[in-house]
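Please work from the sequences and hints to get the whole structure.
Just so we're aligned, residue 23 is where the sequence shown starts under the working numbering, counting upward by one.
Simulated from the structure, these hints should not be mistaken for laboratory data. Here the structure is a predicted model, which means the values were calculated and not measured. Heads up, none of these hints are tricks.
For lysine-lysine, the following DSS-like pairs were computed, each having C-alpha atoms within a straight-line distance of at most 25 Å:
no., residue 1, residue 2
1, K372, K407
2, K503, K459
3, K449, K459
4, K39, K65
5, K503, K449
6, K407, K65
7, K459, K499
8, K39, K374
9, K379, K65
10, K65, K372
11, K263, K202
12, K374, K65
With beta-carbon atoms standing in for the labels, derived distance ranges:
no., residue 1, residue 2, range
13, Q49, S523, 38 to 46 Å
14, G476, A72, 45 to 53 Å
15, L468, Q69, 53 to 61 Å
16, G445, D83, 29 to 37 Å
17, E108, R240, 26 to 34 Å
18, P125, P78, 51 to 59 Å
19, I473, P508, 32 to 40 Å
20, G529, Q49, 41 to 49 Å
21, E188, P78, 19 to 27 Å
Glycine included, each C-beta is placed from N, C-alpha and C at the ideal position.
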Amino acid sequence: MSLVVAGRIVPLSRALKVAPSETATFQGKVWIGDDGRIAAVTKGSAQGPAGFEAAPVADVDNDLVIPGFIDLHSHLAYATLPLWVEPGRTEPFPHHDIWPTRPTYAESVTWPAYAFIEATPVELLAYAEIRALIGGTTSIQGSPPSNRPLDGWLVRNIEDETLDGEVGRHQVLASTLTLKSEQLGERATRMRQGATFIYHCAEGRPGSIVQREYLATRTAGCLQRHLVAIHTNSVDPEAYKTWHEPGAIVWSPFSNLWLYGTTTDVPAAVTRGINLCVGSDWGPSGTRNVLGELKVASLVSEANGWGLTDFDLVKMITANPGDVLAQAWQRQAGRLQPGALGDVAVIAAKPKADPFKTILRATEADVRMVVVNGRPLYGTETLMKQAGARQTSEINLNGQLSGQSRRLALTRFDADAQPWSFGEVLKRLEEVRADPKVAIERARRLAFASIRSGGAPRLRLALDMPTGKVPVGGLPKNLTKIIVPPIQPLAHDSEFFASISSRGFHGGLLDGLADFYS
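Encoded structure:
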């Protein structure tokens, strides 16, 4: 359906006559057509395009109408898990090959994540995508490998997104694990043919052995404009000069500091002309959404004297990753302009407030509506009604929204698309948590029965991170050993901030994140 969103527009566009610069804002309207694309962005009371006579209008007054956030680095299969670090460890990990070998990693990370992907994969994905959505995210990278496409449900799953068949399913490639030279060579060829490659690369402390991963990408010819390198925090900044046609780097400062006590040399990358984006990473060493990660990026910039402005930072979760996706999808994301994807977030704001400072300091309580492909998926009851949302249910964030109610337009993943509530999702996850062994064995029986009957295969997922020292398959032989920790709240909360203090290797810098939420 078509939709009009009226309010204080923050388009972050270079293609609008009514916005002479990317920093321009104005009272106006965003017009999203039936095809899920932005048809027009108008200022004041200017008339919109034809065909919107019956379109619902969501009027947000002085609140900010901005491009939906884009999270270019996540791992959805681990979203339910709390922060983890090996107990008793006093030194930062040198690189990414070390921490998966620690004694408690498998039982704390792999086993509980595996329990959910085996026993209740649909509910796990629903939880992870809802968590992204309530933070204003409309596109996310890091969906677990699966036996069927995952696009077209809630937020856009970047690796699987086809834009309703306009884009080939392998237009965006990704790898969490380190690839061999011949595999990198194949990716280099695919990038020259137009594919985008998102690659975990050189994750660790500066000078550690994993910097050779960056050197390997150069040798294989992967340092192209279609490369999206995640982390690169072990790279010698001088090595960025070898990236002659710069692509993008995804910066996840919380995870870097939590595990390694250091992070990506952002000024060096910016000086080289590399496109900087921000990603939330995963539950065991990350924030709960990119809106939270943005605040960590601000803390790091201030602590290091990097001078990143609020505008610079906001672009790292909107226009910058949007330009990355535009190369892959041939459709602009992360900017509000004609022809771009109709993905919008609404952020509460005071009249005349600085828009970029407001976005930086916004919390989940300030996200008033989220629209994906022109469909209102989440928001206040008033705005969801104005936007014509149907089949919504109330979502309870345990008092984290200052008493404000929110509605969620969630349908079941299977073909009948029946209404579904977050309460039902959480109930099923809690059932698995209560008895992982019984839940896993039941899921295996159902999967086998489906195969024997010739029915449609059940959704199957696979973990995309190292499993640690466990048997092949990722689970212990004795399933009663699995203990699933409490499922984490969707939003950042006091327990999350309390779990940061005196843990990890950030030297107290991450303690400052709580100040944004007080």
